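There are 2 protein chains.
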Amino acid sequence: MVARAGIVVTGTEVLTGRVVDRNGPWLAEELRRLGVDVGQVVVVGDRPDDLRSALVLLLAHHDLVLTTGGLGPTADDLTAEVVADVQGRPSRLDPDLEGEIAAVVERLSAGKGWRRDPEATAAGVRKQAMVPEGAHVLAPTGTAPGLVVPPAEGTSGPPVVVLPGPPPELQGMWGDVLADPFVQRAIAAREELRQSTMRLWGTPESELAATLRRHDAELDGLEITTCLREGELEVVTRYAPAAAPAYAALEAALRGDFADTLFSPTGETVDELVATALLDRGATIATAESCTAGLLAGRIADRPGSSAYLLGGLVTYANEAKRDLLGVPQDLLDTVGAVSPEVARDMADGARRVVGTDVGVGITGVAGPGGGTPDKPVGLVHLCVTSADHVVAREFRLGGDRAGIRQRSVVVALHLVRELLAR
Amino acid sequence: MVARAGIVVTGTEVLTGRVVDRNGPWLAEELRRLGVDVGQVVVVGDRPDDLRSALVLLLAHHDLVLTTGGLGPTADDLTAEVVADVQGRPSRLDPDLEGEIAAVVERLSAGKGWRRDPEATAAGVRKQAMVPEGAHVLAPTGTAPGLVVPPAEGTSGPPVVVLPGPPPELQGMWGDVLADPFVQRAIAAREELRQSTMRLWGTPESELAATLRRHDAELDGLEITTCLREGELEVVTRYAPAAAPAYAALEAALRGDFADTLFSPTGETVDELVATALLDRGATIATAESCTAGLLAGRIADRPGSSAYLLGGLVTYANEAKRDLLGVPQDLLDTVGAVSPEVARDMADGARRVVGTDVGVGITGVAGPGGGTPDKPVGLVHLCVTSADHVVAREFRLGGDRAGIRQRSVVVALHLVRELLAR
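First to last, the sequence lines map onto chains A and E.
If you use this note's numbering, the first sequence corresponds to residues 44 to 466, in order.
If you use this note's numbering, the second sequence corresponds to residues 44 to 466, in order.
Read the hints as simulated data drawn from the structure, not as lab findings.
Source: prediction; values computed, not measured.
The beta carbon of each residue, even a glycine, is placed where N, CA and C say it ideally should be.
Don't take every hint at face value.
Claimed, not checked - Just so you have them, the derived chain A footprint on chain E, three or more residues with Cβ under 8 Å:
id, region
1, 79-89
2, 267-273
3, 324-338
Unchecked claim - Listed next, with one range per pair, are the computed distances between beta-carbon atoms:
id, chain 1, residue 1, chain 2, residue 2, range
4, A, K419, E, R298, 31 to 39 Å
5, E, A231, A, G142, 35 to 43 Å
6, E, G264, A, E124, 22 to 30 Å
7, A, E261, E, A231, 21 to 29 Å
8, E, S199, A, E311, 35 to 43 Å
9, A, L136, E, P384, 36 to 44 Å
To be verified - Partial list, computed: chain A residues near chain E (C-beta under 7 Å):
id, residue
10, E56
11, G78
12, V81
13, Q83
14, V84
15, D160
16, A163
17, T246
18, R256
19, H258
20, T268
21, L338
22, A361
23, A364
24, R445
Take the sequences, apply the hints, and build the full model.
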């Protein structure tokens, strides 16, 4: 039996979508590595009743429940109190913990020169130092301590791990969570759960589905999810070690049917593959971007160490910039227009020449919502990647809104760089 | 009484964090505009029991429940079936709907030239055409129809609105959802709920908390949430129209205490303010980016119509690029180093000169994780914004990881542009 965990994410800002939750995914991934499956994630605001009913739901269907957020010093930070109540364990002030938190708060505010109301500060510290009877305290990495709260004396049920909201604080506490005996006992039933990913570019989901159906009999014990994003088809499979032969059959089936599009049979992202290929060949790269306006260079630079191959780039949004910075001839811009294969090619070559690199990328397109014409509609993007010896060029008509078209263009560009470097 | 809605988001890829859910936030915002509060959002994978218990939870505490995803043609798409079961309404094949979906599928696959297994396709269509007794069908915008499923005959309870997962499909169906009589009845108790936002830059959360405490007595009826992100402090307040005077008191309090840092009393983002200021002054802008490597230009270009002011930019990751593309003197790079106020200034001026704009931005810093020194640690960023008449320069030591430092640098740069344009 695989142990199961449920997660409560608290925070009105997450509930309303103003902030993207980073803790749920992080915890899910960490738990998966331990062989613990996440069954449900519930997002709640600052209302105690909603938090209470979420806890009751998760406690009924999981071996371990984790909460994130709501541990701050203010009155709307209610998590510890509600968890204590649901687990039937009254809270008491822990004077040692109070002293510890007060010292941290003191140090933090001294460093930043913030004004503080001493009485309110003390009340906040006192609130954060309330510990449910029988709970274990997880030492604060910020100001808020975490808690592991077992069910009430004499009853059985999952423990609740109460974690702070700021991701660095939560992550800093994770080692202590795993070392906690209540937690260890709760997930003792665990069994390794593997997760493997394959990525395809250029295969529609329906073709993959047909292959999966044809091989259905060989794929027992695999939990396969497929997901189309940014034009790539991602196939993520979770399975117990005993199902490894089934996974091998899946991989063989995909390699057989999609030899051309299975660009990552072992899960590397296109970003990783491009970085590795550039490093392996000792090649350098420069970008010339119009509609994406820096997003490609920015994404290449997302990787630590990218300065080994990304020397620079040009954002040439205006036609004059294409002409003056990249040397695209004015008469080319006047005749075929900025969004054309010719200009994409000249941009790629220009980037290579101006920055002095081995590889150049040119992207020019209509991201919309304005600027489309019958000939050159919104979504039309010309891309070109060149080196001294090779040219890879492609025209796309991408769907979606402005952000989607620009994002997809970046992904397409990375794939073209990958193709060029494979030559 | 404000009506409350609960949302179930289905999908293993969302549960494991590989995909960020866009439907929950979109629905929450649409519902908020109608005065409907979202109480809980539950994310579940493809397991029917988890979906069932999530529905039971939400039905118990809300006036309306919405589900997203799990309406596809394959066996792991279970939402309609489970909802029908929970609402106690057996499903029947709707032959008209079956014909309609089959036609759509036919059209879609013809257009893309995909191979298809006719038997599997027919089974998928049949599955998507199963309708719970007494439910309303929402016409498909993709292939999957939506449903509004009332509680079983003779019982009371909230209806469940079953929506497809792809955001454009879901959003395309929203008009029909609002027009549905079951939905209208469920949210009839609604009352307008206003939401107003103020943004501060440079005020710590604790100072704001102190101000809120001091004015506590005047703020009755406001639900205030504060959130620090990317260095900005966002204050979002939800309130019924009757509490408008309390909101005015809040705004006055913030204007009084934080005149210098309250850069957006009416909620505009810094991106909006910069765009408006550039348009108002008819000014153009160019960027020169080292550690951010295009992210600032990319973000300025996020806005439709940005080509009116963003002419271009330079990504000068390597020192040679700073020298050759921007004219930063080699001896300056040799003496004070690339991460210095002098080079940030030269980059800003260089961008302005090379691209030919009114405003130039220079960003140079150590994003890490490598490359830090005792003198110039990871997180040190120098920024400079110049025009013919003004210079705004700032040095920051930003915390966080590589992605965080780069993201924060972009936000800081936007604030400095805002400051320069206000002069």
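Each hint, compared with the structure:
no. : hint                        : in the structure
1   : 79-89                       : holds (count 9)
2   : 267-273                     : holds (count 3)
3   : 324-338                     : holds (count 7)
4   : A:K419 x E:R298: 31 to 39 Å : violated, 48 Å
5   : E:A231 x A:G142: 35 to 43 Å : violated, 54 Å
6   : E:G264 x A:E124: 22 to 30 Å : holds, 24 Å
7   : A:E261 x E:A231: 21 to 29 Å : violated, 54 Å
8   : E:S199 x A:E311: 35 to 43 Å : violated, 54 Å
9   : A:L136 x E:P384: 36 to 44 Å : violated, 49 Å
10  : E56                         : holds, 5 Å
11  : G78                         : violated, 14 Å
12  : V81                         : holds, 6 Å
13  : Q83                         : holds, 5 Å
14  : V84                         : holds, 4 Å
15  : D160                        : holds, 5 Å
16  : A163                        : holds, 6 Å
17  : T246                        : violated, 10 Å
18  : R256                        : holds, 6 Å
19  : H258                        : violated, 13 Å
20  : T268                        : holds, 5 Å
21  : L338                        : holds, 4 Å
22  : A361                        : holds, 4 Å
23  : A364                        : holds, 3 Å
24  : R445                        : holds, 6 Å
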